[in-house]
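Protein chains in written order, with our numbering: chain A, 28 to 222; chain B, 28 to 222.
Please note that the accuracy of each hint is not assured.
List of simulated lysine-lysine pairs, DSBU-like, C-alpha gap at most 30 Å [claimed, not checked]:
| no. | chain 1 | residue 1 | chain 2 | residue 2 |
| --- | --- | --- | --- | --- |
| 1 | A | Lys-60 | B | Lys-40 |
| 2 | B | Lys-40 | B | Lys-60 |
| 3 | B | Lys-125 | B | Lys-157 |
| 4 | B | Lys-40 | A | Lys-40 |
| 5 | A | Lys-157 | A | Lys-125 |
| 6 | A | Lys-60 | B | Lys-60 |
| 7 | B | Lys-125 | B | Lys-217 |
| 8 | A | Lys-40 | B | Lys-60 |
Keep in mind the hints are simulated off the structure, nothing from the lab. Source: prediction; values computed, not measured.
Protein chains: 2
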Amino acid sequence: MTDLDELIRLFSKLPGLGPRSARRAVLHLIRRKDALMAPLGAAIARAMDTIRTCSVCGNLDTHNPCAVCSDARRDRSVICVVEELADLWAIERCNLYKGQYHVLGGVLSALDDRGPSQLNIEPLIERAAKDEVREIILATNATIEGQTTAHYLATRLEGCNVSISRLAQGIPMGGELDYLDDGTLGAALKARLPA
Amino acid sequence: MTDLDELIRLFSKLPGLGPRSARRAVLHLIRRKDALMAPLGAAIARAMDTIRTCSVCGNLDTHNPCAVCSDARRDRSVICVVEELADLWAIERCNLYKGQYHVLGGVLSALDDRGPSQLNIEPLIERAAKDEVREIILATNATIEGQTTAHYLATRLEGCNVSISRLAQGIPMGGELDYLDDGTLGAALKARLPA
Chain A
28 MTDLDELIRL FSKLPGLGPR SARRAVLHLI RRKDALMAPL GAAIARAMDT
78 IRTCSVCGNL DTHNPCAVCS DARRDRSVIC VVEELADLWA IERCNLYKGQ
128 YHVLGGVLSA LDDRGPSQLN IEPLIERAAK DEVREIILAT NATIEGQTTA
178 HYLATRLEGC NVSISRLAQG IPMGGELDYL DDGTLGAALK ARLPA
Chain B
28 MTDLDELIRL FSKLPGLGPR SARRAVLHLI RRKDALMAPL GAAIARAMDT
78 IRTCSVCGNL DTHNPCAVCS DARRDRSVIC VVEELADLWA IERCNLYKGQ
128 YHVLGGVLSA LDDRGPSQLN IEPLIERAAK DEVREIILAT NATIEGQTTA
178 HYLATRLEGC NVSISRLAQG IPMGGELDYL DDGTLGAALK ARLPA
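Just chain A, same shape as in the assembly:
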């Protein structure tokens, strides 16, 4: 196998890329050797060296604790619990939340044989027991497994002196009632608020 084939094989393992799009990506890289291929190689090498998991919250960053955990301007009384790093990034992008995070690294799943000990849960319980923490937001996905995990966490956190909240469920922005699934519409109806 040549170096080129090996490069294509590795690219085709990325999510969203198959053999065909991996070939296109590699051709694109080779045509832009200096403008793209060299910086990409260097960025991967640098990230391999510098990026580590934050020992407090499970975020990835070049520092430990991460930029969020060590930012003095952020509210230390609220912890937002998310399944994956991508969820943390999504919440950061909406630019509204200024508290701390806790990345679970997955959800409880009987099918995948994933129990509480495989998730980053014990450190969360320890963090929640601290005096400065007053609220825990359970921001797991609105899936069966996400809800199960949130329910489990709520039970585990009962002993701690914190208020526990969940993300609101309802009609998405711009959503039209006629096109919504029954579950969403039902949840929005049940959770209706005074106008």
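Following the hints, position chain B against chain A.
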């Protein structure tokens, strides 16, 4: 900008990847640091070093002349002219052609202001003039620009003592007449063969 953001920015420049899928790809890489990220970084670095353009045909390989040009078992009397490297790979995959190649590096295009001097054409004329070459297959795409380029090449090659051929046009394998565009059906009808 952190190392992570930089990595995502570079990935999002690959064809077929946007900001969202680049984030997914980078997360996937980081989760598989040893199994995927390290080999990918190494493969890019190695390819940067070793891969060069073949001075004979324009193919990319770790050797110059490339594996195709230097393979003594391949027929040196036929040259297949393709637009891009990806086309060469496509023909190699069908495992039927055992001659030489010539990669033009694009097509003539008035819109993109690309003339004959920007393509790898002069070396082709020189190759075609050699005694050993007896056939040139013009395997450009069946697009307006591909056909224009093939027509131009046919004119330029008139002086050389070679037979010039084109890929057959017609109904694709498994194609149903009812679903074919008029152009393809018309071409297949015009190029009909004795049964």
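- Task: Quick one: which hint numbers does this structure break? Sort them smallest to largest.
- Result: The structure breaks none of the hints.
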